[in-house]
Every structure is written in structure tokens, then in C-alpha cells.
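Student: For the sequence shown, the numbering used here assigns the number 382 to the last residue and increments by one with no breaks.
In silico lysine to aspartate or glutamate, EDC-like type, Cα no more than 20 Å apart, as pairs:
id, residue 1, residue 2
1, Lys112, Glu325
2, Lys292, Asp267
3, Lys142, Asp128
4, Lys254, Glu195
In short, the hints are calculated from the structure, not lab data.
All of these numbers come straight from a predicted model, not from anything done at the bench.
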Amino acid sequence: MKNKGLIRVSLAFIIVTALASWTRTHQPQPEETTSSLPLPIRGFNQNWSFLPEITTDLKQNLLALKPDMIRYPGGTVTHKWDWRVGWVPGRNNSVKHPLSHLAELASFTNTKVMFDLDIVNSTVEDQIEMLQTAEGLGIEIKYLELGNELFLKSNFPDIFPTGTEYATRVSEWVPALKAAYPNAKIAACLNGKTPGGADTRGLQWNNKVLTQLSTLGVQLDAYTFHIYIQPSQTFQSRITDFENVKGAIQTQIAGKEIWVTEYGNQKQPTEPEYYTELEALADYVEGFADISLNHTIIAANPPGDKLDGTGSNFVPEGIMYKNRRILQDSTSIPCN
Numbered sequence: 047m048k049n050k051g052l053i054r055v056s057l058a059f060i061i062v063t064a065l066a067s068w069t070r071t072h073q074p075q076p077e078e079t080t081s082s083l084p085l086p087i088r089g090f091n092q093n094w095s096f097l098p099e100i101t102t103d104l105k106q107n108l109l110a111l112k113p114d115m116i117r118y119p120g121g122t123v124t125h126k127w128d129w130r131v132g133w134v135p136g137r138n139n140s141v142k143h144p145l146s147h148l149a150e151l152a153s154f155t156n157t158k159v160m161f162d163l164d165i166v167n168s169t170v171e172d173q174i175e176m177l178q179t180a181e182g183l184g185i186e187i188k189y190l191e192l193g194n195e196l197f198l199k200s201n202f203p204d205i206f207p208t209g210t211e212y213a214t215r216v217s218e219w220v221p222a223l224k225a226a227y228p229n230a231k232i233a234a235c236l237n238g239k240t241p242g243g244a245d246t247r248g249l250q251w252n253n254k255v256l257t258q259l260s261t262l263g264v265q266l267d268a269y270t271f272h273i274y275i276q277p278s279q280t281f282q283s284r285i286t287d288f289e290n291v292k293g294a295i296q297t298q299i300a301g302k303e304i305w306v307t308e309y310g311n312q313k314q315p316t317e318p319e320y321y322t323e324l325e326a327l328a329d330y331v332e333g334f335a336d337i338s339l340n341h342t343i344i345a346a347n348p349p350g351d352k353l354d355g356t357g358s359n360f361v362p363e364g365i366m367y368k369n370r371r372i373l374q375d376s377t378s379i380p381c382n
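Use the sequences and the hints to build the structure in full.
Tutor: This is the structure we're talking about:
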């Protein structure tokens, strides 16, 4: 009788345990927390006339920075660049960078390319030929920017006296670009700061551009801004100014992507707040922009460099960005 009692207790224990296990197994489990939003595109602007030879060290170091995108041929250099040769005519370029070099670097680092098109001194036919050549080398044509900082009072006021004339040319280029690359995203450049002095052209640029684009019925995918902390500014004062500028046109740019194709700290790296402010600026830009490109990988002069002039070694700012990306990768939530 005693053994029968033990058997009954054992059977009861087994049944209860099995039921508990079945219940745990068949209860609805919470889904893995993921984001349905794409991660922002992060990377670097690069003036390709300052880039040294494309060496293995340079490629490996750029790979370690893990950029999603690189800008070509850069900023101001866009309106001087001869893409067929890969240089600035008339300048003593010791190194030339044809499109094959861009393809090599983009392929090795698996980066997207932001093409800044020369809407000033070139033609849309010539720039489409450049894009077709790049595409033939294996580069996806997805992101097109129409000019660089054309709102500055020293930047081609004879060609674009106001933002109206710039927007008119944009309206002439967009149909041809869309016909050649219907899946490409196209952006016009806006002014991201309040100009000092009596710079009427710069002050009115955004409103003139957006009004004319609306009048002409031009549909763009994005607008670009540049955000630099200038030597006389603090991080907070620069951001306050940008927020005021962006807020004034918020209804006109609603629903469009924001591309910050250049940002950085123009103070000297020796100043005690330089890296703290740069990190804060990077956090800010990456927090709202669809594309955020820091200036730069290699420059003619600091600040902004990530690598030395040969591309063989990291400088302190490069180490900061490399560590920053490692931290981001370790804490990011995978996207579906």
C-alpha cells in the first residue's frame, strides 16, 4: 500500500510538471523588439582633390570607420571638378582620381555614393554621362545633390542672383535626371544658417528657392543643409540658429527627406571643448537627418581629418569616429 501511495504522488508530480511546461511553451511570447524605421545613413564628405593615392592602408582604415556613404566629388570642388580626368584643372594635382577610384573605394567599403552634381558650370547631359560611367563601374545611382552651398554670397551670384534662378535651373534638370534614373532621389540645397551682415541673397535664399519650386511644380525628394560650429559659436548657439532657420520653412519642406551633407566643428582641435561639441553635434545631426555626412576623411588642413595625409594612420578625430561607430553598432536595434 505504501508503494502504491508513492506511485500516485509521483504520477501526480509528473502530470503537474508536464502541464506547467506545456503552458509555458504555448503561451504567446513577446516578439523581438525591432524598429520598422530604416537606420539613418551616416558617412563622410570628401574633397577628392585632397585624397592621396588609394592604398590598402587607406581602404582598410576607411573600412574601420564603417561609413554608409561617401560624397563625391565633395563640396566646393564640385563646381571645378573634371570627372573624366579626376582632378581640378589648373591646380597642381599630384594625384588624379578617376571614377574607377570611386568605384574601388565604394566597393571595398560597401558604401553608397552621394553624387554632388555641378549645376553651375556643367550641363545636365554631361552630368548624366558621369552617372552612366559610374553606373557602368558598378556604382548604384541613388542619391543626387544639385550643387554645393550656392546660397553663399561669394558663390556664383552672377549665375544665380537669387534662389529663384537656382530653382529655375533645378526645374530644368530634374526631368532629365528622373528620366535617366527614375529611382534616384534628388535634393536641392538650402541655407542652414542665418547669414551675418547685409547678405540679402543668403537671407532670402530658402524662401526664394521653395517658392519658385512650388510655382513651377517641381517635386523633389529631399533638401540639403550644412551645419558647422563656427569659431565664434557654441554648440547650443549653432543649433538654436539652425532650428530657427528650419522652423521658418517647416511647412514648405514637410514630408521631404533632410540630408545634412556636411557638418563639423570649425574650431581648432586643441580647444578644450572641440571634441565634446563635435560629439554633441554628431548626436544632434544623426538624431534627425535622413543622411548625415561629417566633413571630412582627409583635408588639406585640419580641423576635420580622420586620417593623416597619406591615409595610413588615424588621427584623434578619426579614433573618436571609429569608436563612436563601434558603440553604435553594439547598441543599435536591428531593423526588419
